[in-house]
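Those protein sequences? They're chains A and B, same order as listed. Just so you know, numbering that gives the first Met the number 0 puts 103 at position 104 of the first sequence, and the rest follows in order with no gaps. Just so you know, numbering that gives the first Met the number 0 puts 17 at position 18 of the second sequence, and the rest follows in order with no gaps.
These are calculated hints, taken from the structure and not from any lab test. Some hints here could point you the wrong way.
[To be verified] A few chain B residues that don't get close to chain A, going by computed Cβ distances all over 12 Å:
1) Pro87
2) Ala106
3) Ala165
4) Ile183
5) Phe186
6) Leu193
7) Val235
[Claimed, not checked] To spell it out: a stretch of chain A is covered by chain B in this simulated footprint if at least three of its residues, at any positions, have a beta carbon under 8 Å from a beta carbon of chain B; those stretches are:
8) 24-35
9) 68-79
[Claimed, not checked] Using C-beta positions, here's what the derived DEER-type ranges look like:
10) Asp92(A) with Phe50(B): 20 to 30 Å
11) Ser29(B) with Leu50(A): 46 to 56 Å
12) Ala22(B) with Gln34(A): 26 to 36 Å
13) Ile180(B) with Pro77(A): 38 to 48 Å
14) Asn116(B) with Phe21(A): 16 to 26 Å
15) Ile45(A) with Phe204(B): 43 to 53 Å
16) Phe204(B) with Phe83(A): 37 to 47 Å
17) Ile45(A) with Glu200(B): 38 to 48 Å
18) Leu96(A) with Gly83(B): 36 to 46 Å
19) Glu90(A) with Arg199(B): 24 to 34 Å
20) Pro202(B) with Ile45(A): 39 to 49 Å
21) Leu79(A) with Glu75(B): 31 to 41 Å
22) Asp148(B) with Val75(A): 37 to 47 Å
Think of the CB as a built atom: it goes at the ideal place given N, C-alpha and C, for glycine as much as any other residue.
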Amino acid sequence: MTSSEGQQHPLGIYFKIWTLLFVLSAFSYMVDYFQFEGYLRWFLIIVFMMLKAGLIVAVFMHMMWERMALVYTIIVPPLLLLVFLGIGTLEGDHVFLTRMIFFGGAE
Amino acid sequence: MTQSAQAAMAGAPLLDGTPGVIADWSSDQSAFKKTPWGKVMMWIFLLSDTFIFSCFLIAYGTVRMSTTIPWPNPSEVFALNIGGNHVPLLLIAIMTFVLITSSGTMALAVNFGYRKNRMVTFWLLLATALLGATFVGMQAFEWTKLIVDEGVRPWGNPMGAPQFGAIFFMVTGFHGTHVSIGVIFLFIMAFKVLRGKMDREEPGFMTGRKQDYGMIEIMGLYWHFVDLVWVFIFAVFYLW
């Protein structure tokens, strides 16, 4: 086993994923172009973002062909960020309410 | 561990699935089978970089939620006027496509590297580097437009919440720095390939270790990560 063996896959899959990434990016841009608002906008943004991120990591970065030990090592720790995101949301809300009380919305 | 024990271990079949995770992690010294150490180290670095960028984006989220002054509309701020037509977010869309194109050429470069196709690998790496440089150039244009024409500063701007500038320069600046470093290394790697360093497995000038086409894949991991970060910045900063 030498390191030069590496990841060897047919070219077709790269072109397919490449095309998909282009299409998904176009869709993301369309969300803004057509001025979708509110929950629909946020939902579409998140969906296209996660799909693109997943395709890049899985195929372009070869994660789907790596051994599970490496996959877990890289994918599991970032899940903690969801907790951080929750804390950030609580904090942001709290600061906003405090500012509304003390500045009445007009700083 | 004795030599015979090592030999016995090398010959043992590797388990798959969850038992494989446990066996790999508990196997002392070499947890990551069939993965060159350089690639593992790049992944660990990218994991730490993930946390850095996530901290920026979560900080951006709390700042945007907590301001009582309306946030400037990114769709308007980054719009371009093309022949009298007002196109929202056009420059950012083009930058996104440039970066995705470069990600594609990078993926192909990795593939042709493992096929030991020296010239095709070189041209693909060069194309990736030039697309990356184009991205940085467009970002420089965007910064200039915002600073000079729109009067955006890290402490305030005419469009709304003063935190907008601070977050914008911090996040895109950090990402742009990553792209710039990537472009430099892509040029270095492209010329290493062109000179046949990988084919002859010459020792690297800094590490003294044998160079091979696996290095292109490690370079590729970094470059795809830069694209990955842009996907998140594009979604939560520009589109939100």
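Each hint tested on the structure:
Residue placement check: Pro87(B) does not keep its beta carbon more than 12 Å from all beta carbons of chain A (closest about 6 Å). At the 12 Å boundary, the C-beta of Ala106(B) falls inside the reach of chain A, the nearest C-beta of that chain being 5 Å off. For Ala165(B), the condition that its CB be more than 12 Å from all CB atoms of chain A holds, with the nearest at approximately 15 Å. Listed as a non-interface residue, Ile183(B) keeps its Cβ farther than 12 Å from every Cβ of chain A; the least gap is roughly 21 Å.
Taking the minimum C-beta to C-beta distance to chain A, about 21 Å, the non-interface status of Phe186(B) holds against the 12 Å cut. Look at Leu193(B): its CB is around 18 Å from the nearest CB on chain A, clear of 12 Å, so calling it non-interface holds up. In this structure Val235(B) is not separated from chain A by more than 12 Å, as the shortest Cβ-Cβ distance comes to only about 8 Å. Under the rule that three or more residues need a Cβ within less than 8 Å of chain B, the assignment of the stretch 24-35 of chain A holds, with 7 such residues.
Coverage of the stretch 68-79 of chain A by chain B holds. Counting CB-CB distances below 8 Å, 7 residues qualify, and the rule asks for three or more. Separated by about 23 Å at the C-beta atoms, Asp92(A) and Phe50(B) satisfy the suggested range of 20 to 30 Å. Evaluation of the 46 to 56 Å hint for Ser29(B) and Leu50(A) yields a failure: the beta carbon distance comes to about 35 Å. For the pair Ala22(B) and Gln34(A), the supplied restraint of 26 to 36 Å is violated, since their beta-carbon distance comes to about 53 Å.
The given range of 38 to 48 Å is broken by Ile180(B) and Pro77(A), whose C-beta atoms sit roughly 22 Å from each other. Restraint check, Asn116(B) to Phe21(A): a C-beta distance of roughly 25 Å satisfies the suggested window 16 to 26 Å. With their beta carbons about 45 Å apart, Ile45(A) and Phe204(B) fall inside the hinted range of 43 to 53 Å. For the hinted restraint 37 to 47 Å between Phe204(B) and Phe83(A), the CB-CB distance of approximately 40 Å keeps it satisfied.
For the pair Ile45(A) and Glu200(B), the supplied restraint of 38 to 48 Å holds, since their beta-carbon distance comes to about 46 Å. For the pair Leu96(A) and Gly83(B), the beta carbons lie near 45 Å from each other, so the given range of 36 to 46 Å is met. Checked against the hint of 24 to 34 Å, the C-beta distance between Glu90(A) and Arg199(B) comes to roughly 56 Å, which is inconsistent with it. Between Pro202(B) and Ile45(A) the beta carbons are some 47 Å apart, a value that agrees with the proposed interval 39 to 49 Å.
Between Leu79(A) and Glu75(B) the beta carbon distance is about 35 Å. The supplied range of 31 to 41 Å therefore holds. Our hint of 37 to 47 Å for Asp148(B) and Val75(A) holds, since their Cβ atoms are close to 45 Å apart.
Of the hints listed earlier, those the structure fails to meet are numbers 1, 2, 7, 11, 12, 13, 19, in rising order.
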